[in-house]
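Protein chains in written order, with the working numbering: chain A, 680 to 829; chain B, 680 to 829.
Keep in mind the hints are simulated off the structure, nothing from the lab. Check each hint, because a few of them may be wrong.
Where chains are identical, the list cannot tell them apart; a pair therefore holds if satisfied intra-copy or between any two copies.
[Stated by the list, open to error] Derived pair list, reagent style EDC-like, types lysine to aspartate or glutamate, alpha-carbon separation capped at 16 Å: (1) Lys682 to Glu753; (2) Lys824 to Asp809; (3) Lys682 to Glu762; (4) Lys682 to Asp769; (5) Lys824 to Asp811; (6) Lys824 to Asp803.
Keep in mind that this is a model prediction, so the values were computed, not measured.
Here are the chains, one letter per residue:
Number of protein chains: 2
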Amino acid sequence: MPKIDLANVPERKGSGYPAEFAAACAERVRQRLGDAGGLTDFGVNLMRLPPGNWSSQRHWHSHEDEFVYLLAGELVLVEDGGETVLRAGDCAAFAKNSGNGHHMINRSQATAIYLEVGSRSPDDVITCSDIDMMSPSSDGRFLHKDGTSY
Amino acid sequence: MPKIDLANVPERKGSGYPAEFAAACAERVRQRLGDAGGLTDFGVNLMRLPPGNWSSQRHWHSHEDEFVYLLAGELVLVEDGGETVLRAGDCAAFAKNSGNGHHMINRSQATAIYLEVGSRSPDDVITCSDIDMMSPSSDGRFLHKDGTSY
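Please model the entire structure based on the sequences and the hints provided.
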């Protein structure tokens with residue numbers, strides 16, 4: 680059955696970030712739709728981001744493209760070039776290895792809902808723009824930028 | 680600027696199918712959002728499918744995953760297992776090489792709007808389930824299943 684039963688896709692709340700960086704995303708809820716459908720080339724997540732929460736720490740990927748499509752609510756996209764408001768029906772793309780760190784912040788009074796799509800590469804490294812943190816996607820560990828562990 | 684200006688993304692109407700197979704998709708309109716955002720690992724298309732139209736000929740991919748998310752309207756998903764109605768907020772995934780041909784038909788009175796995501800592989804071959812047609816994605820030609828051209 681190709682249709683995905685959303686009610687049976689597990690919800691994962693918060694992030695795996697080290698404690699000092701986790702609070703900003705503590706109420707974020709992710710459902711891994713692509714995984715639920717048996718896809719391996721890319722991930723598709725349905726995200727719910729309550730007021731005050733961030734989509735992630737501001738970051739960029741070395742070897743993975745990303746795309747977001749806002750389904751409901753309003754978010755502020757933060758990147759090197761400044762801030763941009765995204766509303767339902769807006770979308771944004773982040774090409775791999777751009778070096779342009781990005782994330783989204785919910786400064787509204789309502790939960791925002793969006794889809795995020797990302798490719799899968801064993802070579803990918805995530806680099807955070809504003810904090811001393813990076814992560815090799817292959818093992819999901821969070822490291823200082825000198826390679827030492829948190 | 681990561682935000683994509685939808686008003687400036689070209690609209691492509693219809694399909695490149697041979698004439699005898701094009702009518703079913705003649706009013707389909709596609710905007711290539713991922714391409715507009717400079718992404719190469721996967722494509723993301725915003726699709727508008729008026730009443731009576733099909734998303735495509737029923738098909739499956741040898742080397743590419745696919746995902747669809749219905750934003751508005753109602754579509755009937757047709758696959759080997761039968762028919763399933765999709766409404767706004769529903770989604771479906773089609774893992775590569777499943778052999779399970781699929782497409783969506785708009786039997787409602789309103790235009791349906793959906794996102795489709797697909798990976799990019801130079802090895803991909805599209806096989807149609809109900810007609811004598813295939814296509815190597817690398818060159819986009821439409822062929823009979825014996826390899827001869829239309």
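Are there hints from earlier that the structure breaks, and if so, what are their numbers? none
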